[in-house]
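Enquirer: Quick mapping for you: the protein sequence lines, in order, are chains A and B.
Remember, this note's numbering sits 374 above the position in the first sequence when you count from 1.
Remember, this note's numbering sits 19 above the position in the second sequence when you count from 1.
Mixed in with the good hints, there may be bad ones.
[Said to hold, decoys possible] Listed next, the in silico DSBU-like pairs over lysine-lysine satisfying Cα-Cα at most 30 Å (straight line): (1) A:K377 x A:K436; (2) A:K509 x B:K67; (3) B:K126 x B:K143; (4) B:K67 x A:K408; (5) B:K143 x A:K408.
Bear in mind the hints are in silico, worked out from the structure with no lab data behind them.
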Amino acid sequence: MGKYLKFFLVGIFFGIVLVKSEAVSWYRIYEMFKFQSFHMYGIIGSAVTTGIILLLVSKQLKLKTTEGTYLRVPLKDRGLVRYILGGSIFGLGWALCGACPGPMYILVGTGVITMLVVIAAAIVGTYAYGVLRSKLPH
Amino acid sequence: MDFILQPWPWYISGPCIAIVMFLLLYFGRTFGMSSNLRTMCAMGGAGKRVKFFDFDWRQYQWNLIVICGAFVGGYIAHNFLSNPIDIDLSEATRADLNALGFEHVGKSLLPPELFSWDAFFSLKGFLILIIGGFLVGFGTRYAGGCTSGHAITGLSSLQLPSFIAVIGFFIGGLIMIHLIYPILF
Chain A
375 MGKYLKFFLV
385 GIFFGIVLVK
395 SEAVSWYRIY
405 EMFKFQSFHM
415 YGIIGSAVTT
425 GIILLLVSKQ
435 LKLKTTEGTY
445 LRVPLKDRGL
455 VRYILGGSIF
465 GLGWALCGAC
475 PGPMYILVGT
485 GVITMLVVIA
495 AAIVGTYAYG
505 VLRSKLPH
Chain B
20 MDFILQPWPW
30 YISGPCIAIV
40 MFLLLYFGRT
50 FGMSSNLRTM
60 CAMGGAGKRV
70 KFFDFDWRQY
80 QWNLIVICGA
90 FVGGYIAHNF
100 LSNPIDIDLS
110 EATRADLNAL
120 GFEHVGKSLL
130 PPELFSWDAF
140 FSLKGFLILI
150 IGGFLVGFGT
160 RYAGGCTSGH
170 AITGLSSLQL
180 PSFIAVIGFF
190 IGGLIMIHLI
200 YPILF
């Protein structure tokens, strides 16, 4: 259990940040897609800016991970269709129920029990992708 | 303490999310929440029937621990670190949502019109939760990531596929909000 404690603590921090930033709010997602507030763009923009700096600095310093390897980000496969189509399908769901795959669990923690249905449906959706994978354009 | 109890501004929240990403990379892992859905399928034995789920899910246990933590973090933030105040949405958003028939705009994190038990036990409300969740689960795996994997981690490492995926997120989101919502509500 000890080796998992750090992941549990990071998760707690993640949950607190996303609630306090209101990024888990359906209302904020709606507002973002209506371009009526800077709030969500500010969060994503400053997260990415900070992320770019952290990754550049750790590359310069040749930072090692706790596992002893160099710190590196897994590379996404090249492609176009899967990213546009899959991304759009995710976007439809994200805007409809206002929750992406991290906030779902956080929202259950805030007491929204009906979110468990969304999680169950998301697992079924992932399963459906696995079944249809070979037939889909990527 | 008062600062903590207030909603956090974007310029605090965004860098904090980047720190979450960085810590997971520093631990030799990565920041990708939607992978957990695939892991849960594999845990349930889906690998016996579908090759996509035929992998050793135990090596991804750490990520399930992250979402357990996220659940607890949500509980802590909501019950101990928040003053009960309305979400400071723009006036235009309030007006638009009122026009769609939403009455408690910004009173809680999520609209009771969609997430209350009353909504759950109506056919329309139930279908919205089921279809929304299904699209999220299907779309994230098809696109190979969600907001954490593509929009934060992928963009931070300047990867073109992630940029394309984020464009996709917005195509879907804009279609839903601008074209489908007026029909639904």
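Enquirer: Going through the numbered hints above, which ones does this structure break? Give me the numbers in ascending order.
Expert: 4
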